[in-house]
Amino acid sequence: MPTPPRSTRFPWSGRWNGVIGASALALLLSSCSLIEIEDAPLSAVEPRGPFAEQINNLFWPVFWIAVVIFVIVQGGILFSIIAFRDRPGRKEPKQIHGNTKLEITWTVIPALILAAIAVPTVSTVFDLTECGDDAMTVEITGHQWWFEYDYPGLGIETANVMVMPADQEVCAVMTSADVLHNYWVPALNGKRYLVPGQETVLRLQADEPGEYWGHCAEFCGLSHSLMRARVLAVTDAEWDAWVSEQQAAATVPAEGTPAYEGMLLYQNLCTTCHTVNYGDASEFTNIRSDDVFRGPNLTHFSSRNVFAGAYLPYEGLSYDDALEQWLANPPDVKPGSFMPNLGLTQNDINNLTAWLATLK
Amino acid sequence: MSDTAHATSHPSTKDYVRIAIFLAVLTAIEVALFYLNEAVGMEGWDAPLLIGLSTIKFVVVVGWFMHLRFEDSFLARFFGAGFVLAMALYGIVLAVFGAIVLFGGG
Amino acid sequence: MTTTASRPASTIFRRPRSTEGFWSWITTTDHKKIGIMYGYAAFFFFIIGGIEALLLRIQLAGPNGSFLNAGEYNAMFTTHGVTMIFLFVMPVSAAFFNYLLPLMIGARDVAFPRMNALSWWIFIFGGLFLYSVIFFGDPTPPAGIADSSGAIVAGNLDPTDATLLAGLPDGGWFLYQPNAGPAYSPGTAVDFALIGLQILGIASLISAINFIVTVFNMRAEGMRLLRMPVFVWMTLVVAFLLLFSLPIIAVALFMATFDRQFGTLFFQATGGGDPVLWQHMFWLFGHPEVYILILPAMGIVSEVLPTNSRKPLFGYAAIVFAGAAIAFLGFGVWAHHMFSSGIPAVAQAAFGLSTMTIAVPTGIKIFNWMGTMWGGRLRFNTAMMFSIGFVAMFVIGGLSGVTHSIVPSDWQQTDTYYIVAHFHYVLFGGAIFGLFSGIYYWFPKITGRMLNEKLGKVHFWVQFIGFNLTFAPMHWLGLQGMVRRTWRYAPETGLGPWNLAVTIGAFTIATGVAIFWFNWIYSKRKGEPSGLDPWDARTIEWTIPNPTPAYNFATPPVIHSLDDFWHQKYTEDEEGRPVRKDDADDLVARLDHDGRNPKSPIHMPAPSYFPILMALGLPLIGYGIIYHTTLVGLALLFIGPLITIGALIGWGIEPLEEPEEHQEHGEGGELVGAGAH
Amino acid sequence: MADTFEIEEGAEVPEHAEVHDSHHLVHESTGIDNRKLGMWVFLSSEFLFFGAFISNYLLYGGRDFDSVVPRDIYDIPFTSISSFVLLMSSLTMVLAHHALSTGDQNGTKTWLMATALLGSVFLGGQVFEFTEFIVEYDMTLTSNPAASAFYMLTGFHGTHVALGIVMLLSLFGIARREGGLSEKHGMNLELVGLYWHFVDIIWIVIFTLVYLIGAA
Ligand code: HEA
Ligand code: HEA
Ligand code: CUA
Ligand SMILES: [Cu+2]
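Residue numbers (the numbering used here), protein chains in the order written: chain A, 1 to 360; chain B, 361 to 466; chain C, 467 to 1143; chain D, 1144 to 1359.
Because the hints were derived from the structure by calculation, they are not lab data.
Watch out, some of these pointers could steer you wrong.
[Claimed, not checked] EDC-like, lysine to aspartate or glutamate: derived pairs with alpha carbons at most 16 Å apart:
#1 A/K94 / C/E1040
#2 C/K1047 / C/D1060
#3 A/K91 / C/E1041
#4 A/K94 / C/E486
#5 D/K1327 / D/E1272
#6 A/K94 / C/E1041
#7 A/K91 / C/E1040
#8 A/K94 / C/D604
#9 C/K1047 / A/E92
#10 A/K91 / C/D1052
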């Protein structure tokens, strides 16, 4: 039973395969040029600070080296597919078993390329691991599913939105209250884990004032995808204003207003988890530090444009609607949220939102 | 051990007993070292010594009791591979933790 | 011919005799039957894992999707990853190992046939155990914080969210602690994952030992190590990877199980444990594992490319040594999965460098495969197309892997879809393309029929295009900041359009796989008969009839060279071009006839009941551990070991057909089996 | 048709079947018995298994915790003795093997039993040690990671010893039957021996690293 050459037995000739293959690869290559990252606030390749810049400057050369290797390899494959396809009249190939010189070449050249890449890699690693001397320290604590920010020395405790002066290095000293989290603001630097019981550090710096998006990148349970972050880099003047605003205590709303009703409701229902500071003298002040029952510090809630782990509000949902939905049933908005559904009536919610608006 | 050194002839009962005595003596020295350290404080000298002694015990049991000395070197390579790999990998892990507590940890 | 299952109790210790029908499969010790069962089981799990992937993709088709709830999504990506890796790629590879290894080295079976059956049964019970969480799991919602007694002290989940799918294990395929620990993943879902993986690991460890001994000891006369087909080499390398990496994950799983079940504190920061230790232990196994997944495919490609280029493999020795080098280096790079976990800078730099070095041996393989094709006479059958697809696509995944090894770049990339793109390029574009190539190539060996080539080519192109449509955009999704394991993404992130493309791609792949299934079912009945040597192949498994007779080789082969079969058929002219020997066609015809008509009776390892029985005990012990606080659980903790140990004893005293043959076959004695933890 | 081959006596024999040549295919290319090779291969992977437990202990054992840690409460004299016992069981094991290879059935039985007994003494010592730690010092499996690591390591080692004892006893059982241990069982005995010695060398390492150095 002689075996006929394959190509005569099956109708799809090698040429067609080659053509389809070539066009598919061309498509693939051309789609590389589509990396235009506009309107992508989380883009990892649009650095807005020196550290992210440094990483970016390392990534792209390597990327292009990879592209060159890619082109060489795919080119070689395509060429073989077209040139060496079985076609009528093609002689049997010479039986070549190998070639030591070639073997050495394609061992040594990649090794050299890698050695060249390795040098800047190592130096960048060491550059970026330790904070600079005049960095400002911010302590970041991960909670399921929101980030807490503490400014030691300034006595400020806030959540979800980290405010910092532009053009000033922040040394984030991080830990977690529960599981692993991973702090990432792509425009400012790469990521770093938040590990319970341990401390990790991350350098952050923005060149210009602006709002930068972030995200928790390590899977941390049910609402990991809704554990997001914002960094607000501000001018020095705005920074000073922000600091004094945050250091101030909240003002007790006027009696009889909905906001006052809301505050009373808060005193009843919310103090197991939340903190609001009305000043040392005020009977309404409550400070919590329990880690299990721990919600964001609400003293300056309204100074933040996002809440609930910087998830709310999102495009298509207004701030007010989002807040109402949140108070009405947090776990419904954010699965598993440790803020329970407190069975509030619409009236309660109205009072609470009025009250929250006073927390500037 | 010299009398068992002929790789071709297997040890006799007597040899085995001698080896066992040798092992027991090494163990006794180990324990003695431990107490010596307790008593006079050897400033970290005991650990390498102890490790050295237990390595000898290890090699003797493997080589004679497990007959590895008398087997195809093929087997020894397998066995050695597992041992060396384990040492290397876990050594690196402990080093990354900065926690090789061997030398007077705690 | 089928002897029956119900035999009198007095003869229970006689070995079963069925060669056909249900019981022959249950009791078989034939490596081919075992291989086929592995294959079917793997493809069953492939559909499950694939459907899970499709569910993920529907959810992510647009921003703020609401097709799945968060718990369901988290369970889906976890089980998708676990299923694809442990229940699809590994068992398909095992199917190839089992079926082909003895054939390629000229043996009648593996070294320990009963142990081989044992690992198959342990594997399948482990896989089913994992999924049995649907029936036996405790439906506690996978959210909240539990105190030490397991009671939930905080956390809320809408009870309607606690659905069937959400009850599957979550936490990601690497089950990072303490999220997957007792406090943050109450309920039993994660226990099923941990113990399921433990059981699967035992199966793989046993087969690793078996394959190592088989390769070293069961080769036909003249089959020197450097005459073995590359696929056999890769089998051996993978067996070593398994041998040395599985014990590590076994210990890690024990520790995590103890944390969850018995209150130890290894990884629980609240009690002084160190979550980073889990990461080290997992990836000490996990990275070798990825080479366990890719090397079999590399072995397959190294068989298919030369055959269909009609040239010997370029740089055989280099490819073999590169494979071994990859495995060796693969043990020293694990922490590249932890670049952002806060390990010391020195360690990060060192692991970055060690990771890069793996590109060198891998490159050697790639270039040698290109060298094999270069100047050849390429026949584009489906097997060949998948192999070429493998080389082309794997390179993309490999190169993105190198960009991860640039440590600071990885700080940006890690935990984003850029990583997801990387590993699907190596796993799907690599491992799965390679495995499909092997299926098209060896289907005739297994069934005696060809898979339809027309359908095969359609399958290839649909899958190839779908694959790139699915996973190429993930590169830019990742660079645009899409984190992985994300149930929802915000509309403002601009991630929507590409995600839609990815979802369309996923369904395109599904279409391709569906075509493949149709092809399989159709060709198994109606496919063109293959004859003895449909590919004009090079290696000795094609010197025996298709489908392979139960005894494999009617007469023991004697090997004279690498690519022995080829050299039986061809000589070379002065130019070094192959010339088919005059008697080559006669040779093939004679091999076919003789292979089907052995000249003498052949004794094969007899079937046995005990492998399946012994394996059965393990899942029972698993349930027992999970429910050890209940009466049923305690009972199972007693019954499980009883069954296993009972079967072990039965295994030991099971009569062997002829006492002296026991020695000859080197049958797995009871003690070897017992030693496996 | 393709499936006609003989499995066992009594099955159909294909027509042209005359000569009996089943032995050619199954040989050991390396010259090492399959099962012995398998055992060594298995044991080499056990290094990674115990290595993980040992390094786990080395990691946690030196740390301080609020509750009692093992290094403070080791009973070195006691453990030295049980280590000695285990070491001597390796001697009896090798003697059992030696006896069988010289055809001394009685010796084999005696030494097998002796090995199992010494192993049991060792295990008993471990049970005693655990009990003491738990009852006297209130150091349980869940006290702290150092304690957990200690119990896991020594516990899994103990499990290996227990398994070894089961194997020894079944060999002893076979040896007591008529005819005693045959030539064929020699390999079984050797395999059990390898396993047993391996468990012993792991203890040699544990004793030094975990007890002697760990307590210093
Ligand atoms: C089949 C499986 C497989 C294979 C083969 C690989 C191969 C490689 N992988 Fe991949 N990897 C995974 C599966 C695999 N990986 C998985 C599943 C994950 C994620 C796990 C998870 O988090 O869920 C992962 C994650 C992962 C990470 C961690 C990312 C992170 O989470 O932050 C890193 C980091 O370095 C990495 C690197 C590499 C490298 C350098 C290779 C190299 O082996 C690649 C070598 C190949 C080439 C380089 C191409 C061919 C070579 C040439 C043409 C020569 C010339 C080349 C140069 C000079 C560069 N991989
Ligand atoms: C070999 C391994 C393998 C394979 C083959 C695949 C195949 C696919 N994977 Fe992947 N994947 C992983 C291994 C693999 N995966 C791993 C390890 C992870 C990480 C998990 C973690 O984070 O823990 C992951 C994660 C992962 C994610 C990220 C989830 C997240 O982080 O949130 C996504 C998202 O798109 C994805 C998609 C897909 C798709 C669309 C396919 C497709 O290629 C699937 C194609 C197959 C089919 C579609 C099934 C067969 C088809 C039919 C039976 C047709 C008929 C049926 C129907 C049409 C219903 N996978
Ligand atoms: Cu926090 Cu993800
Ligand atoms: Cu890796």
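Q. Looking back at the hints listed earlier, which ones does the structure fail to meet?
A. Failing hints, ascending: 2, 4, 5, 8 and 10.
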